[in-house]
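Asks: Sequence:
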Amino acid sequence: MDWQTLFALVAENCNKEVPIEVSNELCYVYRTKKKGFPFSKTITACQKTAFARNELPEIMDFLNKHGYCAKIMQQA
Numbered sequence: 001m002d003w004q005t006l007f008a009l010v011a012e013n014c015n016k017e018v019p020i021e022v023s024n025e026l027c028y029v030y031r032t033k034k035k036g037f038p039f040s041k042t043i044t045a046c047q048k049t050a051f052a053r054n055e056l057p058e059i060m061d062f063l064n065k066h067g068y069c070a071k072i073m074q075q076a
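Take the sequence shown: its letter number 35 is residue 35 in this note's numbering, and every next letter is one higher.
Calculated directly from the structure, the hints in this document are not laboratory data.
Below 30 Å or equal to it, Euclidean Cα-Cα: the simulated DSS-like pairs (lysine-lysine) are:
#1 LYS16 - LYS33
#2 LYS34 - LYS71
#3 LYS33 - LYS71
#4 LYS48 - LYS71
#5 LYS16 - LYS71
#6 LYS16 - LYS34
#7 LYS48 - LYS34
#8 LYS48 - LYS65
Restraint-style ranges between C-beta atoms, simulated for each label pair:
#9 ALA8 - ASN64: 14 to 22 Å
#10 ALA50 - ALA11: 13 to 21 Å
#11 GLY67 - ASN24: 26 to 34 Å
#12 ASP61 - LEU26: 12 to 20 Å
#13 THR49 - GLN74: 15 to 23 Å
#14 GLU58 - ASN24: 12 to 20 Å
#15 GLU58 - LYS16: 17 to 25 Å
#16 ALA11 - GLU55: 16 to 24 Å
#17 GLU25 - ALA70: 12 to 20 Å
Computed from a predicted structure; not experimentally measured. All C-beta atoms, glycine included, are put in the ideal place defined by N, C-alpha and C.
Working from the sequences, and respecting the hints, build out all of it.
Replies: If you want it as structure tokens, here you go:
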């Protein structure tokens, strides 16, 4: 697991929430950003990075340890 890549991805996420989409063999971790007025509630930019699904428990532990809240979504 490349912890530096993961931390760089989520470091500035809105409200320290990290959307994670779970698919067959992959999980996608999202970077979210708000643009414009600082109190805007609209997320206007997203970037996702794929990780192996079997790394999800490690990712969750890392996020919890650093004060992030993961929002798990299943891919339809």
